[in-house]
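Trainee: Take a look at the letters that make up each chain.
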Amino acid sequence: MNKTPRLLLALDVLAAAGMLTTIGLVFLYAPIERVMGAVQKVFYFHVASAWIGMVGFLVAAAVGVLYLLRRKPILDVAGHAAVEIGLVFSVIAVLAGMTWARPVWNTWWTWDPRLTTAAIMVLVYAAYLILRSGIDDPEQRARFAAVYAIVGAVSVPLTFFSIRLFRTIHPVLFGGDTSSSLSDFSTDPRMVLTFFVSLAAFSLLFVAIFWHRIRLGQLADRVEELKLNREEQQ
Amino acid sequence: MSTPDTFFYFYLGFSVVLGAMILYVISLFLRWRHLKQEERHLSEPKD
Numbered sequence: 001m002n003k004t005p006r007l008l009l010a011l012d013v014l015a016a017a018g019m020l021t022t023i024g025l026v027f028l029y030a031p032i033e034r035v036m037g038a039v040q041k042v043f044y045f046h047v048a049s050a051w052i053g054m055v056g057f058l059v060a061a062a063v064g065v066l067y068l069l070r071r072k073p074i075l076d077v078a079g080h081a082a083v084e085i086g087l088v089f090s091v092i093a094v095l096a097g098m099t100w101a102r103p104v105w106n107t108w109w110t111w112d113p114r115l116t117t118a119a120i121m122v123l124v125y126a127a128y129l130i131l132r133s134g135i136d137d138p139e140q141r142a143r144f145a146a147v148y149a150i151v152g153a154v155s156v157p158l159t160f161f162s163i164r165l166f167r168t169i170h171p172v173l174f175g176g177d178t179s180s181s182l183s184d185f186s187t188d189p190r191m192v193l194t195f196f197v198s199l200a201a202f203s204l205l206f207v208a209i210f211w212h213r214i215r216l217g218q219l220a221d222r223v224e225e226l227k228l229n230r231e232e233q234q
Numbered sequence: 001m002s003t004p005d006t007f008f009y010f011y012l013g014f015s016v017v018l019g020a021m022i023l024y025v026i027s028l029f030l031r032w033r034h035l036k037q038e039e040r041h042l043s044e045p046k047d
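Residue numbers (our numbering), protein chains in the order written: chain H, 1 to 234; chain S, 1 to 47.
Read the hints as simulated data drawn from the structure, not as lab findings. Treat the hints loosely; a few may be bogus.
In silico lysine-lysine, DSS-like type, Cα no more than 27 Å apart, as pairs [said to hold, decoys possible]:
no., chain 1, residue 1, chain 2, residue 2
1, H, K3, S, K36
2, H, K227, H, K3
3, H, K227, S, K36
4, H, K72, H, K227
5, H, K72, H, K3
6, H, K72, S, K36
Derived DEER-like restraints, expressed as beta-carbon distance ranges [as the list claims (entries may be wrong)]:
no., chain 1, residue 1, chain 2, residue 2, range
7, H, T107, S, K36, 42 to 52 Å
8, H, P189, S, L18, 46 to 56 Å
9, H, R34, S, R33, 41 to 51 Å
10, H, L69, S, S2, 57 to 67 Å
11, S, D5, H, T168, 22 to 32 Å
Since we're looking at a predicted model, the values are computed, not measured. From the three backbone atoms N, C-alpha and C, an ideal C-beta is built for every residue, glycine too.
Only chain H is shown next, with the shape it has when bound in the complex (with noise of 0.2 Å):
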């Protein structure tokens, strides 16, 4: 627990660099969007924000499952972490989409159901962490954790598939209309490149935060059992 690992180290490196790549790769190669401007770049930021938000959320739910199945308390601190993870990363990609927003879509915030389904999402992540702190018993707590993040994941397909289910003004990045303004980008290989570069950094980025995240879990299950044995003691 004192020692960092080598590979931990070795994956804070790698996603050190993969980061100062990316904004290298946004700041100086990639061009600048005809209609949007500058602005544009932000989307790199943004997608793969909301990318490791919704890969933290269903982590959650896998791991969930199998602290339903084994009964592991690091089960129980994984999908801790990986909520938290989820939740922060959610976030930055709601803040990108707004400040892309303002100057495209004339406005900070709209009820679109893309921005609505990822502000209930948001909030459903957001009440797992209130929820879960206020449970004392830490087998309750892991049993309620581990079901909350699993009917939880369900906000998180919803969200992902709502510009394909409803009407919207939000891009569609895959498979969506050609007249859609971020259509365009594919045609332009140094934005395709910038984009799965970015995606591959913010993975990396989130393994070594996760389990950064996981040693700290880990930490501070340690120093509750200590604090439990000095009450025991007097």
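Starting from the structure of chain H, add chain S where the hints point.
Mentor: Okay, now just chain S, sitting in the frame of chain H:
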């Protein structure tokens, strides 16, 4: 049609993304340091 100047919003979006990520990583570090101190304190034999 000329390309609009939306650099301000690009820089704003970039600052929000990077700033939030850095804040989260700092929070992880601070929480880790705090818990380590607490662990050391609790592991010390009580007088």
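Trainee: If a hint holds in the structure, say so; if it does not, say that too.
Mentor: Now the hints, each set against the structure:
no. : hint                        : in the structure
1   : K3/H to K36/S               : holds, 12 Å
2   : K227/H to K3/H              : holds, 23 Å
3   : K227/H to K36/S             : holds, 13 Å
4   : K72/H to K227/H             : holds, 21 Å
5   : K72/H to K3/H               : holds, 23 Å
6   : K72/H to K36/S              : holds, 23 Å
7   : T107/H to K36/S: 42 to 52 Å : holds, 46 Å
8   : P189/H to L18/S: 46 to 56 Å : violated, 26 Å
9   : R34/H to R33/S: 41 to 51 Å  : holds, 48 Å
10  : L69/H to S2/S: 57 to 67 Å   : holds, 60 Å
11  : D5/S to T168/H: 22 to 32 Å  : holds, 27 Å
In this structure, only the earlier hint numbered 8 is contradicted, and the remaining ones agree with it.
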